[in-house]
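Asks: Sequence:
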Amino acid sequence: MSDFTPNEMMTIAAARALKNDDVCFVGIGAPSAACNVARLTHAPDITLIYESGTIGTRPDVLPLSIGDGELCETALTTVAVPEMFRYWLMGGRISIGFLGAAQLDRFGNINTTVIGDYKNPKVRLPGGGGAPEIASSCGEVFITLKQAPRAMVERIDFFTSFGHGEGGDHRQRLGITTKGPTLLITDLAIWRPDPETKEFTVRSLHRGVTRDRVEATCGWKVRFADALDETPEPTDLELTTLRELQARTKAAHEGGGRS
Numbered sequence: 205m206s207d208f209t210p211n212e213m214m215t216i217a218a219a220r221a222l223k224n225d226d227v228c229f230v231g232i233g234a235p236s237a238a239c240n241v242a243r244l245t246h247a248p249d250i251t252l253i254y255e256s257g258t259i260g261t262r263p264d265v266l267p268l269s270i271g272d273g274e275l276c277e278t279a280l281t282t283v284a285v286p287e288m289f290r291y292w293l294m295g296g297r298i299s300i301g302f303l304g305a306a307q308l309d310r311f312g313n314i315n316t317t318v319i320g321d322y323k324n325p326k327v328r329l330p331g332g333g334g335a336p337e338i339a340s341s342c343g344e345v346f347i348t349l350k351q352a353p354r355a356m357v358e359r360i361d362f363f364t365s366f367g368h369g370e371g372g373d374h375r376q377r378l379g380i381t382t383k384g385p386t387l388l389i390t391d392l393a394i395w396r397p398d399p400e401t402k403e404f405t406v407r408s409l410h411r412g413v414t415r416d417r418v419e420a421t422c423g424w425k426v427r428f429a430d431a432l433d434e435t436p437e438p439t440d441l442e443l444t445t446l447r448e449l450q451a452r453t454k455a456a457h458e459g460g461g462r463s
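FYI, the numbering for the sequence shown is 205 to 463, going by this note's numbering.
Treat the hints as calculated values from the structure; they're not laboratory data. Mixed in with the good hints there might be a few duds.
[To be verified] Okay, derived cross-link-like pairs now, DSS-like style, lysine-lysine, Cα gap no bigger than 25 Å in a straight line:
#1 Lys425 with Lys350
#2 Lys383 with Lys323
#3 Lys350 with Lys223
#4 Lys350 with Lys454
#5 Lys425 with Lys454
#6 Lys350 with Lys383
#7 Lys326 with Lys223
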């Protein structure tokens with residue numbers, strides 16, 4: 205078995221969560237890498253949709269943004285953004301929304317707007333884009349995040365995308381009928397929400413990761429499942445697929461062409 209990095213483990217664990225028949229609304233960055241590794245390995249028929257309106261896209265390299273021409277060139281079709289949101293997303297036709305976060309709380313609420321006070325922020329982030337609608341309208345939401353106390357916080361500075369709110373049945377009380385965040389994959393562990401409280405709970409630790417390390421890189425009091433698993437290591441196929449995808453991407457974006 206080849207050695208691997210924590211980020212590679214996170215990406216591959218996220219890819220494994222996707223099924224061949226999923227229709228997935230893909231975020232840029234780690235979610236995009238995970239979705240395309242899934243497509244290139246165990247889920248060749250997965251339908252990948254990006255916010256710019258590309259449906260069934262099969263990029264050879266990872267896009268720099270939702271407006272990357274690679275997405276349109278390899279898509280089955282491209283529709284207008286209003287159609288993407290009104291018909292596809294809000295029409296309940298997308299099973300999985302795959303999102304990243306700048307800040308995340310234990311109930312899966314996401315901040316990608318500002319760090320600090322909204323009117324006088326320490327950092328102004330890219331904003332929500334379509335993520336708020338993805339979080340409420342996709343059948344369920346998967347989140348990828350590199351663990352750090354400043355990213356996994358007790359209380360986010362701004363509610364960009366609604367997860368489980370205050371926990372429990374908060375989504376249902378607001379009339380949101382989709383499942384919300386059902387999976388959090390970090391570079392250290394796999395988390396799932398408690399069935400009752402909806403608080404993210406560690407279900408599986410990646411190879412070599414300790415409970416202490418998870419706790420030291422999380423800003424809330426971590427809950428661990430009674431039966432804690434170890435995440436299966438990446439296979440040679442998974443690692444090769446991811447690394448080749450990243451190499452093609454690097455070459456294309458640095459002007460070296462595609463191999």
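Asks: Does each hint hold? Answer for all of them.
Replies: Status of the hints after comparison with the structure:
no.	hint	verdict
1	Lys425 with Lys350	holds, 17 Å
2	Lys383 with Lys323	violated, 32 Å
3	Lys350 with Lys223	holds, 23 Å
4	Lys350 with Lys454	holds, 21 Å
5	Lys425 with Lys454	violated, 38 Å
6	Lys350 with Lys383	holds, 23 Å
7	Lys326 with Lys223	violated, 39 Å
Figure legend: structure checked against the earlier numbered hints; hints not met, in rising order: 2, 5 and 7.
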